[in-house]
Structure formats: structure tokens, C-alpha cells
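*Asks:* Okay, here's what each chain looks like letter by letter:
2 protein chains.
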Amino acid sequence: MNAALATLRAAVGADQVLTEGDLSAFERDWRRRWHGRALAVVRPGNSDEVAAVVRACAAHGLSIVPQGGNTGLVGGGVPDASGTQVLLSLQRLNRVRAIDTANLTLTAEAGCVLQTLQELARDHGLLLPLSLAAQGSCTLGGNLATNAGGTQVLRWGNARELCLGLEVVTAQGEIWHGLTGLRKDNTGYALRDLFIGSEGTLGIITAAVMKLAPLPAATTTALAACATLQDCVALLTRARNGLGSGLTGFEVMGRHALDLVATHFPALPRPLPGAPWAVLLEQSDHEGLAPARARFESLLSAALDAGEVFDAVIAESLAQAAGLWHVRETIPLAQAEEGANIKHDISLPVSAIANFVQHTDAALVAAYPGVRIVNFGHLGDGNLHYNVQAPAGQDDATFVATHEPAINTLVYDALQPYGGSFSAEHGIGVLKRDELVARKSPVAMALMRSIKAALDPHQRLNPGRVL
Amino acid sequence: MNAALATLRAAVGADQVLTEGDLSAFERDWRRRWHGRALAVVRPGNSDEVAAVVRACAAHGLSIVPQGGNTGLVGGGVPDASGTQVLLSLQRLNRVRAIDTANLTLTAEAGCVLQTLQELARDHGLLLPLSLAAQGSCTLGGNLATNAGGTQVLRWGNARELCLGLEVVTAQGEIWHGLTGLRKDNTGYALRDLFIGSEGTLGIITAAVMKLAPLPAATTTALAACATLQDCVALLTRARNGLGSGLTGFEVMGRHALDLVATHFPALPRPLPGAPWAVLLEQSDHEGLAPARARFESLLSAALDAGEVFDAVIAESLAQAAGLWHVRETIPLAQAEEGANIKHDISLPVSAIANFVQHTDAALVAAYPGVRIVNFGHLGDGNLHYNVQAPAGQDDATFVATHEPAINTLVYDALQPYGGSFSAEHGIGVLKRDELVARKSPVAMALMRSIKAALDPHQRLNPGRVL
Numbered sequence: 001m002n003a004a005l006a007t008l009r010a011a012v013g014a015d016q017v018l019t020e021g022d023l024s025a026f027e028r029d030w031r032r033r034w035h036g037r038a039l040a041v042v043r044p045g046n047s048d049e050v051a052a053v054v055r056a057c058a059a060h061g062l063s064i065v066p067q068g069g070n071t072g073l074v075g076g077g078v079p080d081a082s083g084t085q086v087l088l089s090l091q092r093l094n095r096v097r098a099i100d101t102a103n104l105t106l107t108a109e110a111g112c113v114l115q116t117l118q119e120l121a122r123d124h125g126l127l128l129p130l131s132l133a134a135q136g137s138c139t140l141g142g143n144l145a146t147n148a149g150g151t152q153v154l155r156w157g158n159a160r161e162l163c164l165g166l167e168v169v170t171a172q173g174e175i176w177h178g179l180t181g182l183r184k185d186n187t188g189y190a191l192r193d194l195f196i197g198s199e200g201t202l203g204i205i206t207a208a209v210m211k212l213a214p215l216p217a218a219t220t221t222a223l224a225a226c227a228t229l230q231d232c233v234a235l236l237t238r239a240r241n242g243l244g245s246g247l248t249g250f251e252v253m254g255r256h257a258l259d260l261v262a263t264h265f266p267a268l269p270r271p272l273p274g275a276p277w278a279v280l281l282e283q284s285d286h287e288g289l290a291p292a293r294a295r296f297e298s299l300l301s302a303a304l305d306a307g308e309v310f311d312a313v314i315a316e317s318l319a320q321a322a323g324l325w326h327v328r329e330t331i332p333l334a335q336a337e338e339g340a341n342i343k344h345d346i347s348l349p350v351s352a353i354a355n356f357v358q359h360t361d362a363a364l365v366a367a368y369p370g371v372r373i374v375n376f377g378h379l380g381d382g383n384l385h386y387n388v389q390a391p392a393g394q395d396d397a398t399f400v401a402t403h404e405p406a407i408n409t410l411v412y413d414a415l416q417p418y419g420g421s422f423s424a425e426h427g428i429g430v431l432k433r434d435e436l437v438a439r440k441s442p443v444a445m446a447l448m449r450s451i452k453a454a455l456d457p458h459q460r461l462n463p464g465r466v467l
Numbered sequence: 001m002n003a004a005l006a007t008l009r010a011a012v013g014a015d016q017v018l019t020e021g022d023l024s025a026f027e028r029d030w031r032r033r034w035h036g037r038a039l040a041v042v043r044p045g046n047s048d049e050v051a052a053v054v055r056a057c058a059a060h061g062l063s064i065v066p067q068g069g070n071t072g073l074v075g076g077g078v079p080d081a082s083g084t085q086v087l088l089s090l091q092r093l094n095r096v097r098a099i100d101t102a103n104l105t106l107t108a109e110a111g112c113v114l115q116t117l118q119e120l121a122r123d124h125g126l127l128l129p130l131s132l133a134a135q136g137s138c139t140l141g142g143n144l145a146t147n148a149g150g151t152q153v154l155r156w157g158n159a160r161e162l163c164l165g166l167e168v169v170t171a172q173g174e175i176w177h178g179l180t181g182l183r184k185d186n187t188g189y190a191l192r193d194l195f196i197g198s199e200g201t202l203g204i205i206t207a208a209v210m211k212l213a214p215l216p217a218a219t220t221t222a223l224a225a226c227a228t229l230q231d232c233v234a235l236l237t238r239a240r241n242g243l244g245s246g247l248t249g250f251e252v253m254g255r256h257a258l259d260l261v262a263t264h265f266p267a268l269p270r271p272l273p274g275a276p277w278a279v280l281l282e283q284s285d286h287e288g289l290a291p292a293r294a295r296f297e298s299l300l301s302a303a304l305d306a307g308e309v310f311d312a313v314i315a316e317s318l319a320q321a322a323g324l325w326h327v328r329e330t331i332p333l334a335q336a337e338e339g340a341n342i343k344h345d346i347s348l349p350v351s352a353i354a355n356f357v358q359h360t361d362a363a364l365v366a367a368y369p370g371v372r373i374v375n376f377g378h379l380g381d382g383n384l385h386y387n388v389q390a391p392a393g394q395d396d397a398t399f400v401a402t403h404e405p406a407i408n409t410l411v412y413d414a415l416q417p418y419g420g421s422f423s424a425e426h427g428i429g430v431l432k433r434d435e436l437v438a439r440k441s442p443v444a445m446a447l448m449r450s451i452k453a454a455l456d457p458h459q460r461l462n463p464g465r466v467l
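Chains A and B are the protein sequences, given in the same order.
Counting in the numbering used here, the first sequence runs without a single skipped number right up to 467 at its last residue.
Counting in the numbering used here, the second sequence runs without a single skipped number right up to 467 at its last residue.
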């Protein structure tokens, strides 16, 4: 191991090979679910150094766990407990290489924090349309390695759809220079799309070209109260027809979710109390506030007439809009305050959501009387965070420890007839590896394994993750 | 070979294994550039039969050329001259399996003609936003196998971005059932995106789930005259800022291109004669005609004030708008009427286009005095059809035969400093295989070859194409 460490020090400088002191910021995930131990934390400063680290690890038979902001939710970015893996932190690759306002592209390194890039784009009058709760600390490389989703997918797609080009260090320690800023480029296989979402198991993303868009002239927000989830889906269809590409957000929040926010964050507003379902709509417009408001008013008034909505508010100010979004974003924190719970990051065809929820709610309540279902998410993308909390009065931790596997099975089995997914946006990591094998077809698994074997035959890159 | 044919007949029925008569509709590409000879043309009727054909070919050591509507431009869908390849036509897989209006998805088989699917979507009040010149005969499977582009990429992306799920027959003759209609699904590697654009070399697409969108309430079209290509790019930035997602088309046409249309199709309108560059703008709106027209007027009047545009018309009727588009779509025909020419399907960062064209025009004219450059394309995507025609009075065929390789090299070399691509939307096929090897990095080529070897180790699927 000393020889390996010497080679790593030669590759990146002795200061950037950490083996002592408290390394838990790298070795433990932020939800504190996994705590491994690395042979060393290695912090290269540029792509050539990343490639040198990979070659050094290959020479010494070491495997590598790439890590960005360490905000993942599935244990894909922390080392295992063996003490033999190299934790490769991309955080020092944090340069913006170019911004091209006519081509609407931003070229940045993997370690750039997402919010920093959003702000840079905004300073140029442009929008980087990737937005998620962890944006203050997650990094671009991690966003791409996990094909991050978030709140703007409805209009702009997942991280994969926002990326035009990549620079990647391969398992052989070579650099693929694929940093193209082209909207159309049919020259061979979709290497970019294959690396994106592969969670560091096929290559290490060191830089990317991201699409930008003009900043909208006005963003307006509304909240609508619906009696049923079916009504929420009807409102979604109405909003898509009426606003077209101007509809940039459509989040749903069940009453239990909003109750938890009210309980644990009483200082926050509680608009439309008593609504079984609240829908947060966002509209982005290139003209201005007045026509956008008028469109929202006309849309919501038609939805009221049709009985899809029974009450609604349009935010009167940016502060009020931010307040509504803040309530939405506080749900996970409120749920954590309430106690341990069983999280599901699922997706379904929008047309199947109401049926799925009705039947699965009923099955859960029948199997676990009094169980509380905290349901919220990105309805516009068919993505629900369908979380299950112990019945009031029961010990949360015990409930989770006892029932998590069976409840996961119940929920994931229920997805199957609807063609749903057990991982909409968080990925596989170590958490859902067994589910992947159990629920993906043997043909798909064989294809994925043969791709892994082709690109990383010696299992150097994030072994034990995804596959 | 008789044993092989017997196995194929057993797989799909004797009627669907064609070995005699005129098979040129399958064996010759529509531009009549390649004319091969197949061992047999095999026409399976469903995915199971496709899989059976692949297994039959594997058993007898035969290779397979999948074919859709046979409208490709790079020779990827016709057999070679050996007489040993099986031409697998997907045309009988032409069923629409589902349309889900709430989920905005259409599930259809590979042999469905694109225009048929567009019309079906329209009958449901929805838009299938993939549109290209060959839409009356190209098929969905071919569109996906080649990652087709076209005129709506600016807003909606290429075929890959419009596809949510695939059904694919692998080189092993198994079926991957990946027909998901989910907007978010992070369960493993991007198999869908890898098969899309692989031109039948990694698997045979038998069905797909495509995204739909609400039909816009109004579509308005304008034509603007610009003095320079730089002005066209400035107008693009202005239009993106002013119209946001409402800007759904931005095509550029050089004067030579419009002159050819006027010469060979004199009955067509010739709006804005004398414009060095004409830009066709399309706006899609969810409110109606009046606000859309007003936005166009305000945009164009600001562009006139800024000197980016020196004249402009807004179509007064659908017929007039269709006439403007018809002129644009007639350019390739007009150029064919004029004589043989050297076609380039290139893309660049939008910010680099004006410089590239200025320098490359000058280099071509210096090398080939009097040469005519017919330049038009999807400026909004950075995609130009930058075609080169013999000087007036010279024999076109001789010019092409003599100078094509050198002119290709000049143009493709000129792209390199700008990070451009020598194949924006048409793909590689056999036509650009040598360019791919010459111009793609060794790292990218090694990655692609290892993927091909992993998924199709015996080179059964479209050998000699792409790689």
C-alpha cells in the first residue's frame, strides 16, 4: 500500500493525498446511512491528474470511488468498509472554462457547485435550468453522473437532456475529449448519454458543456387546492394545453405532507388549509407579469368552473412565490423532524398515478393500520416521493427497521402493472442494487453487464455500485 | 444457403422471404448511390419474428441489414454487394400500440410511417414534434436508429430527446422490453440512448414510446431579410430572448439557394428578392393568432431598428406560411435540378457559424474559382447544409467526381478549430466511415469499438456501418 500511496502522491502532490485525520466528510454520506473507510482521499486538481490517479490505481490494483459534493441519496459516492478503495474527490476541478452567450452554452468542470453555475448564468441574463434541493453543495459532475432531476424537468428535462458534451477519464486512465457544444452531432454512438447516469461506474466525468436558455421575463406562481389526485392530473392536462411550454413547474403536495410542515415549521405560511391536495404551478413567460397573471387567472377560473380545483391563489409578489416554494421544499425536513420514514422515489405514467396511489394507499393501510403516507413530488414528470411513516404513537425507528423491506416490496410490486419505476431520479448506488437485479429484465441486466465489462473490465470504477 | 433460407421461411413464413424478382426497392438507396444484393429480403410481422430472424441468421452465420423506409442518406440501410446479407425490412411492424393522452405518449412499432403518426397525434389534439423532409415515407424505427433531426429540433430536440422507451431485438435474438413511458427513470445505464443513433449496429429497434405535446393554438411564420450571416445570428439571439420557448423554427437560406428555387420552380413565390440571407422564423403559441402576430411585429421592428434585418414579412394566412416553408423545403430539389453537387451536413456552435462560413467560402472560392456555395439549414441548431456546386458552365458530374474528396477535406478540416461536426443529422452509414476514423479521437473510437464488440461480438448487425 505504501507503494500505491507513493504513486498517488506523485500524481497529485503529497498534500492532496489524505490518509489521516477526520475524513468523515468524504467517507460518510450526508444522510449518515453509509460510513466507509478509504485507503486515501485523493484530490486531483485537473483532468490530467484525474487520469494519472486512475492509472496509478490500475497499476496497484486499487478500485476508485469518484465523489462530487457527496449529496447522493443511494450510497453511490462513499467508499466501502474495506479500507482499500481510493476516494477520488472532484471538488478541486472547479473552474468554469467558457460561457458562450450566442451558443447558449456553459463549459464547466465537474467540481463546480450547481448553484454557482446557476448564478453565473444568471449574471449573463441566462438560465441554467437544472434545479434541485442540494444545489448549494452538489456538483455538476455528480449531477451528470446520477442524471439528476429536480423541479424543472417538466419543461427542460433531466440533467442528461441539458448536457451537450463531456470530458471523461476512462477506466484505462485516458481522457475522452467530448466537450462539444453542438445541438446536432450524429457521429457514432451516444457515449455522452451512456456516461451520464452511470454513477461513476463507466468513467469519471471531469467537465461538461451544459445548455443554457434565455432568462424568462417573468415567473409567476400559483397554488391550487384539489379534492382528489385525479383532479390534479386533470389540472395538469389543462395547464399544459393552456400554457404550453410556459408551464415550467407542477408540484403536488398531499395533506399529510403539508400538515407536517405546519407542525414542525409553524412560522411558515399555510395557504389553502384543508385541501386534500395542493398543486404548485409555475409559469415562465417572455413578455412580462401582466399577461402571465392574466393567463393564470383564466386557467384557474376555468379549472374552478370545471370542478377540478376548489380554491386557488396566485402569488402577488416574488416573496410570496418564494414562500410557496419554500413550503414545498421544507417537506423533507419536516418529515425528518417527525421521525424516521421509508422513502420511495418512484415514477409512473401520469395517467396511472391516481389509480396507483388509491390502490397502494389502501393496501398499505390494510397491512399496517394507521400508517401515514406522506405523498408529494413532481407530478408533471410522474415522479412521486411516496414516503411511509409509522402510525402516530408508534416508534418510528422500530417501525422502519421492522417493516422497510416488506413495505418496499409492496410499493415496488404495485408499480409493476403500471410500468412504473422504483428509482425515478435518485439512482441505484448500493441502496437499490438488489432491486435492480430483481426488477430489471435479464436481457437489460445482460446488456448492462456486458457494457460494464467492455468499458471497465477490471472493475476499477465504483465496483459494487449499480451492478 | 438453402438451409438458411428454410430457417428464415420457418421464422416468418415463406411469403415473407423474398429472393426473386425486382428487389431494388430494398437493395438500392433512394438517392441511387448504393445498390447492393441481398441473400433475401425478409419481412417479419412482429417483434417475435424479428427475434426469430436474428436467431436464424446467427445459426447460419449470416449478417443482417435492418431497413425502415429506406430514406437514409449515408448508405446505412441497404445491403452490400456480396449477396450474403439478409435485408430485414421492418415495414410490416406498423401497428400503433397505444396513445395515452394524459401521459402525452404514443407507442408505435418501428415500421410506422412518421407522417401517419404525426396525423394520429393531431387527431388527438396533440403534436408529435419530429418533422423532416422524408416524413411521408421514413419510418419511426429508422428515425430512431439514425437519431433524426429536422426542422423542430430548436424547440424539441432530436429524435433521441423525443423518445422515452424502446423495444429492441438484440444481436443474440432476445427482446429487450424497454417500452416505458416515464419522464424520469434512473434504473441503470442509458440503453435507450445507446441504441438510438447506432444505425442498426447494436440492436434492432422494433417499437418505441414517443413524447407528444399539446398542439399549439396558433403557429405564425415570418421571413426576414438580413445582410450578413452575423445579422442572422443576432436575430436568433433576439428571437430566443423575445419568444422564449415559443420560437419553434429558425431556418436560414442563402441567396444562391433561393436563386436556384426561383430558376427551377418559377411558379413558387420569391419573397424578399435580393436578400443576401433570408431567415424563416416560426412561432408556436398557446393563446392565439393576435398576440403571436403582435409579438412577431414587435420583434421584427426592433430588429429593423437595430439594423439586423432590413426587410421582413409576416405570413397573413396559413397558406402564405405554408408557401414560405415550401420554398425552404424545395431547395434540395432545386439543387438536384441544377445538377450534381457535393453535400455537407455540418454543425457548429451558433457563435462560430458566421466566421466559419466567411473563411470557408473564401477558401473554396480561392481553390475553385467560380464555385457556387448553396448554404441553407437549421441555423437555430447550428446545422448547415453547406453544399458546393460546380462553377456555372462547368459539367457538374465531372466537377463532383474530380473534386469531392478534396472539397470534403477542406470543409471538414475547417470545422475542426470551431469544434464542428461533419455529420449533424444524417449519420455515418458507409458514406462517412472513413471520416469517422480520421476525425474522431482514438479514445472515442476505442470506446465505440468495445461497445460494439460487447453487444454484437459476432458482427451480425449491419457490419461495416458506422464502425
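Hints listed in this document are in silico derivations from the structure and should not be mistaken for laboratory results.
We put the CB at the ideal spot given by N, CA and C, even for glycine.
Take these hints with a grain of salt, some might be off.
[As the list claims (entries may be wrong)] Simulated restraints on C-beta separations:
#1 B/Asp48 <-> A/Glu297: 47 to 57 angstroms
#2 A/Pro266 <-> B/Leu215: 21 to 31 angstroms
#3 B/Arg32 <-> A/Glu329: 57 to 67 angstroms
#4 B/Gly307 <-> A/Ala319: 32 to 42 angstroms
#5 B/Asp48 <-> A/Ala25: 49 to 59 angstroms
#6 B/His124 <-> A/Asp434: 53 to 63 angstroms
#7 B/Ala446 <-> A/Arg31: 33 to 43 angstroms
#8 B/Leu18 <-> A/Leu410: 45 to 55 angstroms
#9 B/Leu215 <-> A/Asp434: 42 to 52 angstroms
[What the hints assert, rightly or not] Some but not every residue of chain B turned toward chain A, in silico, with C-beta under 10 angstroms:
#10 Asn103
#11 Ile175
#12 Thr180
#13 Leu191
#14 Arg270
#15 Pro271
#16 Pro273
#17 Pro276
#18 Asp311
#19 Ser423
#20 Ala424
#21 His426
#22 Val430
[Unchecked claim] Residues from chain B that keep clear of chain A, each with C-beta distances beyond 10 angstroms, as calculated:
#23 Ser198
#24 Pro266
#25 Gln320
#26 Glu338
#27 Ile407
*Asks:* Confirm or reject each hint.
*Replies:* Verification of the hints:
Evaluation of the 47 to 57 angstroms hint for aspartate 48 of chain B and glutamate 297 of chain A yields a pass: the beta carbon distance comes to about 53 angstroms. About 46 angstroms separates the C-beta atoms of proline 266 of chain A and leucine 215 of chain B, a value inconsistent with the hinted range of 21 to 31 angstroms. At about 60 angstroms, the CB distance of arginine 32 of chain B to glutamate 329 of chain A agrees with the hint of 57 to 67 angstroms. Glycine 307 of chain B and alanine 319 of chain A have their C-beta atoms about 41 angstroms apart, which keeps the hinted 32 to 42 angstroms range intact.
For the pair aspartate 48 of chain B and alanine 25 of chain A, the supplied restraint of 49 to 59 angstroms holds, since their beta-carbon distance comes to about 53 angstroms. The hinted range of 53 to 63 angstroms is not satisfied by histidine 124 of chain B and aspartate 434 of chain A, whose Cβ atoms lie roughly 40 angstroms apart. Between alanine 446 of chain B and arginine 31 of chain A, the C-beta spacing of about 38 angstroms keeps the proposed range 33 to 43 angstroms intact. Checking the proposed 45 to 55 angstroms range against leucine 18 of chain B and leucine 410 of chain A shows it holds: the Cβ atoms sit about 52 angstroms from each other.
Under the hint 42 to 52 angstroms, the C-beta atoms of leucine 215 of chain B and aspartate 434 of chain A, about 44 angstroms apart, fit the expected range. For asparagine 103 of chain B, the interface hint holds, since its Cβ comes within 10 angstroms of a Cβ in chain A; the closest pair sits about 4 angstroms apart. Checking isoleucine 175 of chain B against chain A: minimum C-beta separation of about 7 angstroms stays under 10 angstroms; hint holds. A cut of 10 angstroms between beta carbons decides the hint on threonine 180 of chain B: the least distance to chain A is about 6 angstroms, and the hint holds.
The beta carbon of leucine 191 of chain B comes within 6 angstroms of a beta carbon in chain A, closer than 10 angstroms, and the hint placing it at the interface holds. For arginine 270 of chain B, the interface hint is violated, since its Cβ never comes within 10 angstroms of a Cβ in chain A; the closest pair sits about 29 angstroms apart. Because the closest C-beta pair between proline 271 of chain B and chain A is about 27 angstroms apart, greater than 10 angstroms, the hint is violated. Hint status for proline 273 of chain B relative to chain A: violated, with the closest Cβ pair at about 29 angstroms, above 10 angstroms.
Restraint check, proline 276 of chain B versus chain A: the minimum CB separation of about 20 angstroms is more than 10 angstroms; hint violated. Violation of the interface hint for aspartate 311 of chain B is found here, the shortest Cβ-Cβ separation to chain A being roughly 23 angstroms, above the 10 angstroms cut-off. A least Cβ separation of about 5 angstroms between serine 423 of chain B and chain A falls short of the 10 angstroms threshold, and the interface hint therefore holds. The restraint placing alanine 424 of chain B at the interface with chain A holds, with a minimum CB-CB distance near 4 angstroms, inside the 10 angstroms limit.
For histidine 426 of chain B, the shortest C-beta to C-beta distance to chain A is roughly 7 angstroms, which falls under 10 angstroms, so the interface hint holds. With a least beta-carbon distance of about 14 angstroms to chain A, the hint placing valine 430 of chain B at the interface is violated under the 10 angstroms criterion. At the 10 angstroms boundary, the C-beta of serine 198 of chain B falls inside the reach of chain A, the nearest C-beta of that chain being 6 angstroms off. Distance to chain A confirms proline 266 of chain B as a non-interface residue, since its nearest Cβ pair spans about 33 angstroms, more than 10 angstroms.
At roughly 23 angstroms from the closest C-beta of chain A, the C-beta of glutamine 320 of chain B stays outside 10 angstroms, upholding its exclusion from the interface. Every CB of chain A lies more than 10 angstroms from the CB of glutamate 338 of chain B, the least distance being 26 angstroms, so the non-interface label holds. In this structure isoleucine 407 of chain B is separated from chain A by more than 10 angstroms, as the shortest Cβ-Cβ distance comes to about 19 angstroms.
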